[in-house]
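Participant: One letter stands for each residue in the lines below.
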Amino acid sequence: MLSGLIWLPICWGIGLLLLERVRPALVAAAGVVGALLTFALSLLMYIGFDPAAGMQYTEQYAWIPAFAIRYHLAVDGIAVPLILLTTFSTLLVALLVPPTDRPALHLAAFLVLEGLMNGVFVARDAILFYVCWEAMLIPMFVIIGVWGGPRRVYAAIKFFLYTFLGSVFMLIALLYLYHRSGSFAIEAFQLQPLSLHEQTLIFIAFLLAFAVKIPMWPVHTWLPDAHVEAPTGGSVILAAVMLKMGGYGFLRFSLPITPAACALLDGLMITLSLVAIAYIGMVALVQQDMKKLIAYSSVAHMGFVTLGFFLCFTPAAMLGLQGGMIQMISHGFISGALFLCIGVLYTRMHSRQIADYGGVVNTMPRFAALLMFFAMANAGLPGTSGFVGEFLVILASFQANFWIAFIAATTLILGAAYTLWMYKRVIFGEIANDQVRALQDIDSRETLVLGLAAVAVLALGIWPAPLVELMDPTLEQLWAHVQAGKHG
Amino acid sequence: MTLIAFYGFAGLYLLSGLLVVTLRNPMHAALSLVLAFFSSAALWLFLQAEFLALLLVLIYVGAVMVLFLFVVLLLDINLAVLREGFIRWLPVGGAVAIAMAVGIIAALYTELEDAAGAVALPADYGSAAWIGQHLYTAYLYPFELAGAVLLVAIVAAIAMTHRGRRRRRAQDPAAQSRVQASRRVRLVQLDKDS
Amino acid sequence: MNPALMACLAAVLLPLLGALIAGLGGVGRSTAHRVTIACTGISTLLSLLLYKRIILEQGASLNEVAYTWLGGEWLTLEIGFLVDPLSVTMMVVVSLVSWLIHIYTIGYMRDDPGYQRFFSYISLFTFAMLMLVTANNFLQLFFGWEAVGLVSYLLIGFWFKRESAIAANLKAFLVNRVGDFGFIIGIAAVLAFFGSLDYDTVFQRSDELRGAVLVILGQDISMATLICGCLFVGAMGKSAQVPLHVWLPDSMEGPTPISALIHAATMVTAGIFMVARMSPLYELSEVVLNLILIIGAVTALSMGILGIVQHDIKRVIAYSTLSQLGYMTAALGASAYAAAMFHLVTHAFFKALLFLGAGSVIIALHHKQDLRNMGGLYRYMPLTWIAMLAGSLSLIGFPGTAGFYSKEAIIEAMHYSRLPGAGFAAFALTLGVFFTGLYTFRLLFLAFHGRERTRVDEREQLRESPRVVTIPLLVLMVPSLVIGLPLVELMLYGGYFRESITVLPQHAVLATMRADFHGVWSYAAHALLTWPFWLAMAGVAVAAYCYLLRPQLPGRIATAAGPWYRLLLCKYGFDAFYLGPLAGGVRRVAHRLWQDVDSTLIDRWMVNGTAHSMYLLSAVVRRLQTGRLYHYAFMMILGLLLLGLLQG
Amino acid sequence: MSVPGPLHFLVLGALMFCISVAGLFINRKNMIVLLMCIELMLLSVNMNFIAFAHHLGDATGQIFVLFILTIAAAETAIGLAILVVLIRKRDTINVADMDQLHG
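Protein chains in written order, with the working numbering: chain A, 173 to 660; chain B, 4 to 197; chain P, 4 to 651; chain V, 2 to 104.
What the hints contain is simulated information worked out from the structure, not anything from laboratory work.
All C-beta atoms in this analysis are idealised placements derived from N, C-alpha and C, irrespective of residue type, glycine included.
Treat the hints with care, as some may be off.
16 Å max Cα-Cα, derived EDC-like pairs, lysine to aspartate or glutamate [claimed, not checked]:
(1) V/K90 to V/D100
(2) P/K371 to P/E455
(3) A/K464 to P/D606
(4) P/K574 to P/D210
(5) V/K90 to B/D196
(6) P/K371 to P/E502
(7) P/K371 to P/D315
(8) P/K164 to P/D201
(9) P/K164 to A/E641
Taking CB as the label site, the calculated pair distances span [as the list claims (entries may be wrong)]:
(10) A/L209 to P/V471: 53 to 59 Å
(11) P/H594 to A/V204: 55 to 61 Å
(12) A/I236 to P/H594: 50 to 56 Å
(13) P/F427 to A/R609: 29 to 35 Å
(14) A/Q525 to P/W567: 42 to 48 Å
(15) A/Q607 to P/R462: 42 to 48 Å
(16) V/L8 to P/L620: 45 to 51 Å
(17) P/L620 to B/G65: 32 to 38 Å
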């Protein structure tokens, strides 16, 4: 089942390339079918998944016996929601109209990317995880590099090198852990007793890899460039799933393997997250480019994820972990949808500058309504998923320290300010220029895509219980392990 | 008595080495190298390495040095150019050499001072039979290898230098690419009315 | 599911259903308004039924959980409904006023393109307000709180083509969000201390708060003060108390029905309702009660004064709302929660009446709102004039009217309260009555009496508004005038709120006032001798003198007052401060942060910087490869030498 | 007749080695002298080998010298061949001119 999740999209993508030679007309439809099949497979997995039973659907084959590297797949409460998010976002992107030049390669890149991302989430062997982690960069590099905007080459290279530099340190840490524990299995890493000094070094190595991915404050400057230059689909997947890799990494590697180091450095991590929330929130306020604004808003929202995770040494640890996880999933839907909306505008007006727009509501009322819904979700309106994650994290952070909650709560004001100010300048008001007057409202395909995202955001906002029940046992286990680990 | 001879030959040996390095004319340098070989052969005799000493003199000096001389004579090297930079680089080279010498000798004196006395040598030590006996038993394989190396050297030397028949029409791309315009094209100023 | 919960669920969810049908159903104009009016009508009926069951028949209050929102044994958050005297009163007020306004809107928005959209928004608002009111835990309260903020944002910016409207709605939302910032910290504090967000558990264990202390920045702040203070910040944002009041006058950009519904009757009272609901917590913190008292008094007085200088008919009423909200907050401060709720109920009716009256004037004058070119309208619009007169009398607290009973109770409560700020509050509120009388009748005289300043060609078309507008006016007139009589005895002194409001013995202001209350009419008669009545009449006299007998006198006073007048005009400089230094300052700092730190320091220096330094490094290394043999030999020997030395 | 101790020969070898190294640097121009210096270096190394062989009464030193000589001979042959080809192409054997391989 899990191998299917990895190899089905990859083979399907390659199949698309072949299909292009035979019957190019079918490529778009085939792409959608591929994404749909993977989504169905992930749904099947979700239905058959029993939250309380820890690791499930395990598959284990010897891969490189010489170094005890095994092709070992399994999935638990943390991975299932993220896989669902991946397959759902890729389905949304596949439904979009592919670009005119080389559509097959475009869809193939996305399907291969989806396979690799699923690979990262299901990998239980460190080397398999690392291979998928690095391989994932290649399709995204191609997507940004080929179909991107004017400065795409710079952005693609910057994105690739930045992430790559980070993950090289992770490789060192993995090798050291292999040296200590004798095998590459993640369980072995987690049970391997390590001295505080070792743990701190390993934690810093992992931090470099995951901080770049999330992105955390000082290493985030690649994200606005990557988003501005990436095509719509690329931006959606980059925002919806690739940013979660960092968070997943923290949960899967940093916290369980080096709990003492996390306890030692959680102060630093919390400060970085708060800087991301407040400082980036203000920076987002003054952006002129819509995509850059949403990119900075993503950094601010992901700040909540890291804040939530690193509250796990305070009294309200579980709240923080649940809040962080939900924030990841909800941010995936919301920012994915926002990028889809900007994509809709971009395909019509070929500009992302807020100044070029004004009074779009007069010509695109339905689009304005949907964008209003997503803007409100981005600002964390209760009833939408954006609120759930932030609410839990703020509740948890108050029990840690008043001032953490104080700064984290500023996101209410900043989030609303930059999102709605952008919304006002773009949507409300008189029609700014005749290009805006010539805009047509969104067609049925775009409405379907945005509608699906809206349903997901609303459902998670009104009734988050199923998602929480799915993750609760695994988070409980992780928290117990981290607590025990502290004195180990 | 042997000491005097030893110092004599040693002095000769060092002097000829110096000459090789300093002489302007490569011809003289080659001859002083030959002298160095002769003096070192003599010194080896002191160490009861007769076979090798003779080997050195007969084969090495005979063949290799002759080859040197042959090549030196074959190529008419103009001497003026050769010695140009000599003085400028002397201090650096000299300083490094002296430093190395001091280093090595200091090491020698500290390490070997307490070396045990000379070991009793077998009667036929250093003789051809003795070396042959060792050579063809323990060191047979390296011996074959040495032969192979020599063979390769011969083939390589010939392949490189042999120019084969004159008439070969093969082009020489390196030469072609290095041609300057001035040697192919001549601009001539024509006056108006012609 | 017992019938009461079913009724409550239906009452709350029906407006949502109506909103969805009207908004997304793509239905025609008439179906839209019929569906929404039917839904809100049924919701009003159900509220009245519940009211009868819980208040009149003293039935048990209902506290049920609908579904678990977020599971996990760490923290269970549910969505539930609490129907007790406090919330059922609010339910009736909200649904009744909203229903009347739905009917009124048919006339007001007749020729507006966004007709269905408007109806869907106001019934969505009703749903959100009912959710807020009937919540049984802090989470749902916060959901209703923000949803109401969202709908007010949508409605203020309803005419999205008008630049001023979309500026006003963004301002309203952000100022509300500033309030919510404090509110969410308050909720986090509640969870931190009590471990649950459910009203029941929190209120039963509320006395554990007495000694609790939280150390912030060295000082230890009592937990009760922190929780109540933060929650009150939220209430200030929503009920537009002084520092966060700037958005209410600007929200008049929205159509008049919503000004009546949201910015007079229901939404702005959410803050008052919340403080009344949290009375068990507020009673524990004298500091916060005193703060509330002072802020209420300051708002009442300062906003009342501003009402005098406004020229836009809706802004005058908006400032009057601000002032009346100040009265209610002051009542809360004095622990006279019942008086505050009573004033809330009466205010909802007569303020809605005033707004709708103003709306009908605006319809007649084809959306002109400036008092300076109105006058003498009573001849053309007698019904509207009577309604406005009734509303004004009730507003200034003319003895016998509903407004009189509630405002009189509040002013008296000030005298009995022993809080340090009570003296100042009593003075401010009594003085406020004079200004209330002044600006209310200034509006009445300028609009309906005196010289006709309307344009000549319009004068012929000046006719009474259509019946669908005047009927709600007349219907509303009844409660504005007479609602006080039955309720004053019951609400203030008759244990109307039973267990939903708890008052500590040392704060029981209303209990002491019960002693000298001998029936409704004697109270009214006794009031003729007290200060507030004479001040109100003095206000009316001054208004009559200035605006009827000597119309040019106010102009001369204004020029004479000079700087004072300008201070009032710029509304004490709050707006200037918020837009200039605060918002502008944040933008400037953000710009500096983005340009200097983010793109220059991190991006250009550290990221591209490292890339460039690699380039420089490689340029240097390139020169090492000279191509000359002896250099290489030399380096080899040098290496050997160094190795030797290192070994040696 | 007492043979002088190994030390003298080692010192000789060392001195000769340093002289040839100096020769490498000093000689900026001539390839042939370069090759000769290398020959000299090898010779000095052989000297050491034989000195130790004699001192330890062991055969390997001498045999090794034999192999070094063969290698030296091969190396000289090829060196000179290259020299000849070089002269034919560049008609100069000035070491300073041959720096086309620089960075």
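Participant: Hint by hint, say whether it matches the structure.
Facilitator: Each hint, compared with the structure:
Among the hinted pairs, V/K90 with V/D100 is consistent with the structure: their alpha-carbon atoms are about 15 Å apart, no more than 16 Å. With a C-alpha separation of about 15 Å, the suggested pairing of P/K371 with P/E455 holds against the 16 Å cut-off. This hinted pair checks out: A/K464 and P/D606 have alpha carbons roughly 14 Å apart, not beyond 16 Å. Straight-line distance between C-alpha atoms of P/K574 and P/D210 comes to about 42 Å, which puts the hinted pair past the 16 Å bound.
About 46 Å separates the Cα atoms of V/K90 and B/D196, which puts this hinted pair outside 16 Å; it is violated. A threshold of 16 Å between alpha carbons decides the hint, and for P/K371 with P/E502 the separation of about 48 Å lies outside it, so the pair is violated. With a C-alpha separation of about 9 Å, the suggested pair P/K371 and P/D315 falls inside the 16 Å cut-off, and the hint holds. Between the alpha carbons of P/K164 and P/D201 the distance comes to roughly 43 Å, so the proposed pair goes past 16 Å and is violated.
Restraint check: the Cα-Cα separation between P/K164 and A/E641 comes to about 46 Å, which exceeds 16 Å; the hinted pair is violated. Separated by about 57 Å at the C-beta atoms, A/L209 and P/V471 satisfy the suggested range of 53 to 59 Å. Distance hint for P/H594 and A/V204: a CB-CB separation of about 43 Å, inconsistent with the stated range 55 to 61 Å. Our hint of 50 to 56 Å for A/I236 and P/H594 holds, since their Cβ atoms are close to 53 Å apart.
Range check, P/F427 to A/R609: about 58 Å between beta-carbon atoms, so the 29 to 35 Å window is missed. For the pair A/Q525 and P/W567, the supplied restraint of 42 to 48 Å holds, since their beta-carbon distance comes to about 46 Å. A/Q607 and P/R462 have their C-beta atoms about 46 Å apart, which keeps the hinted 42 to 48 Å range intact. Checked against the hint of 45 to 51 Å, the C-beta distance between V/L8 and P/L620 comes to roughly 48 Å, which is consistent with it.
About 54 Å separates the C-beta atoms of P/L620 and B/G65, a value inconsistent with the hinted range of 32 to 38 Å.
Of the numbered hints listed earlier, those contradicted by the structure are 4, 5, 6, 8, 9, 11, 13, 17.
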